[in-house]
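Chemist: Build the full structure now, drawing on both the sequences and the hints.
Chains A and B, in that order, are what the protein sequence lines are. Numbering-wise, the numbering used here puts 48 at position 48 of the first sequence, and it's gapless, one number per residue. Numbering-wise, the numbering used here puts 44 at position 44 of the second sequence, and it's gapless, one number per residue.
It cannot be assumed that every hint is accurate.
What the hints assert, rightly or not - Mimicking BS3-like on lysine-lysine, the simulated pairs with C-alpha atoms at most 27 angstroms apart in a straight line are:
hint: 1; chain 1: B; residue 1: Lys231; chain 2: B; residue 2: Lys183
hint: 2; chain 1: B; residue 1: Lys219; chain 2: B; residue 2: Lys231
hint: 3; chain 1: A; residue 1: Lys134; chain 2: B; residue 2: Lys149
hint: 4; chain 1: A; residue 1: Lys134; chain 2: B; residue 2: Lys14
hint: 5; chain 1: A; residue 1: Lys102; chain 2: B; residue 2: Lys84
hint: 6; chain 1: A; residue 1: Lys134; chain 2: A; residue 2: Lys102
hint: 7; chain 1: B; residue 1: Lys219; chain 2: B; residue 2: Lys84
hint: 8; chain 1: A; residue 1: Lys87; chain 2: A; residue 2: Lys18
hint: 9; chain 1: A; residue 1: Lys136; chain 2: A; residue 2: Lys18
hint: 10; chain 1: B; residue 1: Lys149; chain 2: B; residue 2: Lys180
hint: 11; chain 1: A; residue 1: Lys136; chain 2: B; residue 2: Lys149
hint: 12; chain 1: B; residue 1: Lys219; chain 2: B; residue 2: Lys149
hint: 13; chain 1: A; residue 1: Lys136; chain 2: B; residue 2: Lys180
hint: 14; chain 1: A; residue 1: Lys198; chain 2: A; residue 2: Lys9
hint: 15; chain 1: B; residue 1: Lys14; chain 2: B; residue 2: Lys183
Claimed, not checked - One side of the interface only, derived from the structure: several residues of chain A facing chain B at Cβ under 10 angstroms:
hint: 16; residue: Leu83
hint: 17; residue: Gly120
hint: 18; residue: Ser124
Said to hold, decoys possible - Okay, the calculated bits of chain B under chain A, using three or more residues with CB under 8 angstroms as the criterion:
hint: 19; region: 45–51
hint: 20; region: 148–158
hint: 21; region: 202–210
To be clear, the hints were calculated from the coordinates, so they are not data collected in a lab. Glycine residues also receive a C-beta, built at the ideal position from the N, C-alpha and C atoms.
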Amino acid sequence: MSAMIPQTKTFDSKVLRKTVLDMAYAGSTVHIGCAFSIIELLAVLYRNHLRYPDNNPLAVDRDYLILSKGHGVMAQYACLRELGWLKDEAFSGYFADGSDLKGLSDSRIVGLEVTSGSLGHGFSVGVGMAMGAKLKGTDQKTYALVGDGEMNEGPIWEGALFAAHHNLKNFMVIVDENGFQAMGSTQDILELGSIQAKFESFGFEALTIDGHNEAAIDAAITQLWASASTAPKALIAKTVKGKGVPFMENNNSWHYTRLNPETYEQALSAVAGGVQ
Amino acid sequence: MRAAFSDALVRLAKADPTVLLLTGDHGYALFDDFRRECPAQYINAGIAEQNMVGMAAGLARVGFRPFVYGLAAFIPVRVVEQIKLDVAHDQLPVIFIGDGAGFVYSHLGTSHQSTEDIACTRAIPDLAIYSPADRFEVTAFMELAYDSKSPVYLRMGKSDRGDVHVALPPVIPGNLLAAKSGKVSDITFIATGSLVRTAMDIASENYPDAAVWSAPCIKPLNSQQVATICKQSQSVIVLEEHSVLGGLGSAITEIASEFAPVRILRIGVNDRFSHYCGTYEYLLKEHGLDRSAIELKIHDFLAVN
Numbered sequence: 001m002s003a004m005i006p007q008t009k010t011f012d013s014k015v016l017r018k019t020v021l022d023m024a025y026a027g028s029t030v031h032i033g034c035a036f037s038i039i040e041l042l043a044v045l046y047r048n049h050l051r052y053p054d055n056n057p058l059a060v061d062r063d064y065l066i067l068s069k070g071h072g073v074m075a076q077y078a079c080l081r082e083l084g085w086l087k088d089e090a091f092s093g094y095f096a097d098g099s100d101l102k103g104l105s106d107s108r109i110v111g112l113e114v115t116s117g118s119l120g121h122g123f124s125v126g127v128g129m130a131m132g133a134k135l136k137g138t139d140q141k142t143y144a145l146v147g148d149g150e151m152n153e154g155p156i157w158e159g160a161l162f163a164a165h166h167n168l169k170n171f172m173v174i175v176d177e178n179g180f181q182a183m184g185s186t187q188d189i190l191e192l193g194s195i196q197a198k199f200e201s202f203g204f205e206a207l208t209i210d211g212h213n214e215a216a217i218d219a220a221i222t223q224l225w226a227s228a229s230t231a232p233k234a235l236i237a238k239t240v241k242g243k244g245v246p247f248m249e250n251n252n253s254w255h256y257t258r259l260n261p262e263t264y265e266q267a268l269s270a271v272a273g274g275v276q
Numbered sequence: 001m002r003a004a005f006s007d008a009l010v011r012l013a014k015a016d017p018t019v020l021l022l023t024g025d026h027g028y029a030l031f032d033d034f035r036r037e038c039p040a041q042y043i044n045a046g047i048a049e050q051n052m053v054g055m056a057a058g059l060a061r062v063g064f065r066p067f068v069y070g071l072a073a074f075i076p077v078r079v080v081e082q083i084k085l086d087v088a089h090d091q092l093p094v095i096f097i098g099d100g101a102g103f104v105y106s107h108l109g110t111s112h113q114s115t116e117d118i119a120c121t122r123a124i125p126d127l128a129i130y131s132p133a134d135r136f137e138v139t140a141f142m143e144l145a146y147d148s149k150s151p152v153y154l155r156m157g158k159s160d161r162g163d164v165h166v167a168l169p170p171v172i173p174g175n176l177l178a179a180k181s182g183k184v185s186d187i188t189f190i191a192t193g194s195l196v197r198t199a200m201d202i203a204s205e206n207y208p209d210a211a212v213w214s215a216p217c218i219k220p221l222n223s224q225q226v227a228t229i230c231k232q233s234q235s236v237i238v239l240e241e242h243s244v245l246g247g248l249g250s251a252i253t254e255i256a257s258e259f260a261p262v263r264i265l266r267i268g269v270n271d272r273f274s275h276y277c278g279t280y281e282y283l284l285k286e287h288g289l290d291r292s293a294i295e296l297k298i299h300d301f302l303a304v305n
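Modeler: Right under this line is the structure:
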């Protein structure tokens, strides 16, 4: 593993992608493409929006970020490293026997709100947390980051009905629309059509943006929260699976492929060269 | 028994504003009192059980004490994975109420009957399973569930079989409760839920020296107490309105086989669905769980001892 770049709290997408590559290589793990499509989304959320008073991941009045697509967890680990909540040893020892960080989101890791990986769970838990914040009268916000493949799961739509019926304006679903799921393209497996239109028809206020354009992500989140509507929010992020490494981009085999010394070096230099 | 359940729920909710009742559009008249007394704590989550359980986990995460109500066929059976992953994995204080367990919905057929719910939940770590037999046990175990601040599945079966206790017994989680005292005898009965009353009736008439134990708590189960009971008897008869696979009979047999080997007759639902519909009493008969069929099974079992 190459030397880790010092923690920055800038959530620089190059650093985040390098952290993911380092840990994926150290642990010989899969799901790299799934992590790369949500790098900019997480960077903007952590840098500009999520509220963690006193940098405390367990603060009772924090905002809640739920990674419902738990297989993207390496991207979130990379952000938790920036925050200082995960140490470099956790990355170099990723997947070692007896280590904490799993291949899917686990709520026992401080900073992760739910255990996910089985899809369609986190959305509902997030709706419950948003409902709880509403009942308590707090101004906490809840984000649920879901995959487009995950939209196949029924509880997403059950929860969408509930969130809209109860005017959970403090709830935002962010859809990582990278166009792929485990076995192929979403179009070939279960055509989703317009995700924005679907959420709008369920009573959400929705926007679609380029999920790798940080300024656009930031502006859309700000715009949705600024709305006077009591509707829950949906941000549809058009993303590229494997974004940042040309040979991974839109190549669904990087849902499952592990890095070897050669692809690791190639990927590192692609990431160091910048994100197109 | 259902009145005791409603009373306990209302009492807990009035004392603690973080108590919430979530229902999957069930409990039509059952919750009249609750809705009148605690309207802000009542959430009809719609006919969407998976989302309801996920939401209950979310509500518990932010400090609420959700009771999730449904028919046992749906809560817990339809949502086993949500209970495992969203609730039990983090020991969140969510209490699941599975109503109408067993053959209560005798006329409606398999979709509403529930004879596999204990088996489906027993292997989930950190989930307690309660199966009260009468109004006293309901009251005690509702309070115990609330006080435990951890995940509980409370199974409510046929609720009009009469009392098995004369007063609220002191309860310790995992302990069997004496429903009928007895002497050290050839035969001992252990039953849960609706069949405790049946066991008492059969024992009183046919085996007056036999003790009858109620198991209001399927998990945890006090192994030491179960082993002691098994050691004091030649034969143990276990009765439940649940499959003979994976329920109380299995749990008792597992303990006995390790600590106190004894012949055990597991009386419950054999590995089959209901074929026909009819009254509750008819369905018990179809499954060989009416009193005379049970008496015959016990007679035959003891005859080959």
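Chemist: Look at each hint and say if it fits the structure.
Modeler: Hint by hint, here is what the structure shows:
For the suggested pair Lys231(B) and Lys183(B), the alpha carbons sit about 13 angstroms apart, so the restraint of at most 27 angstroms is met. Simply put, Lys219(B) and Lys231(B) have alpha-carbon atoms about 21 angstroms apart, close enough for the 27 angstroms limit, and the pair holds. Between the alpha carbons of Lys134(A) and Lys149(B) the distance comes to roughly 23 angstroms, so the proposed pair stays at or under 27 angstroms and holds. Between the alpha carbons of Lys134(A) and Lys14(B) the distance comes to roughly 20 angstroms, so the proposed pair stays at or under 27 angstroms and holds.
About 18 angstroms separates the Cα atoms of Lys102(A) and Lys84(B), which keeps this hinted pair within 27 angstroms; it holds. Proximity of Lys134(A) to Lys102(A) is assessed by CA-CA distance (about 32 angstroms); at most 27 angstroms being required, the pair is judged violated. Proposed proximity of Lys219(B) and Lys84(B) is supported: the alpha carbons are some 15 angstroms apart, at most 27 angstroms. For a cut-off of 27 angstroms, the pair hint linking Lys87(A) to Lys18(A) stands: about 15 angstroms separates their Cα positions.
Annotation: proposed proximity of Lys136(A) to Lys18(A) is violated, straight-line Cα distance about 40 angstroms (limit 27 angstroms). Taking the CA atoms of Lys149(B) and Lys180(B), the gap is about 31 angstroms. The hint is violated against a cut of 27 angstroms. Taking the CA atoms of Lys136(A) and Lys149(B), the gap is near 20 angstroms; set against the 27 angstroms cutoff, the hint holds. Only pairs whose Cα atoms come within 27 angstroms are accepted, and Lys219(B) paired with Lys149(B) is accepted, the gap being roughly 16 angstroms.
Annotation: proposed proximity of Lys136(A) to Lys180(B) is violated, straight-line Cα distance about 48 angstroms (limit 27 angstroms). In summary, the hint linking Lys198(A) to Lys9(A) is not supported, as the alpha carbons are separated by about 36 angstroms, beyond the 27 angstroms threshold. Distance restraint check for Lys14(B) and Lys183(B): the Cα-Cα separation of roughly 44 angstroms exceeds the 27 angstroms cut-off, and the hinted pair is therefore not satisfied. At its closest, the beta carbon of Leu83(A) sits 20 angstroms from a beta carbon of chain B; the interface hint therefore is violated under the 10 angstroms criterion.
A distance limit of 10 angstroms between C-beta atoms decides the matter here; for Gly120(A) the minimum to chain B is near 7 angstroms, and the interface restraint holds. Taken as an interface hint, Ser124(A) checks out: its beta carbon lies about 3 angstroms from the nearest beta carbon of chain B, inside 10 angstroms. Coverage of a stretch by a chain is defined here by at least three residues with a beta carbon nearer than 8 angstroms to that chain's beta carbons; for the region 45–51 of chain B and chain A the count is 5, and the condition holds. With a threshold of 8 angstroms between beta carbons, the proposed coverage of the region 148–158 of chain B by chain A is violated, since 0 of its residues qualify and at least three are required.
Figure legend: the region 202–210 of chain B, annotated as covered by chain A; annotation inconsistent (0 residues with Cβ-Cβ distances under 8 angstroms, at least 3 required).
Figure legend: structure checked against the earlier numbered hints; hints not met, in rising order: 6, 9, 10, 13, 14, 15, 16, 20 and 21.
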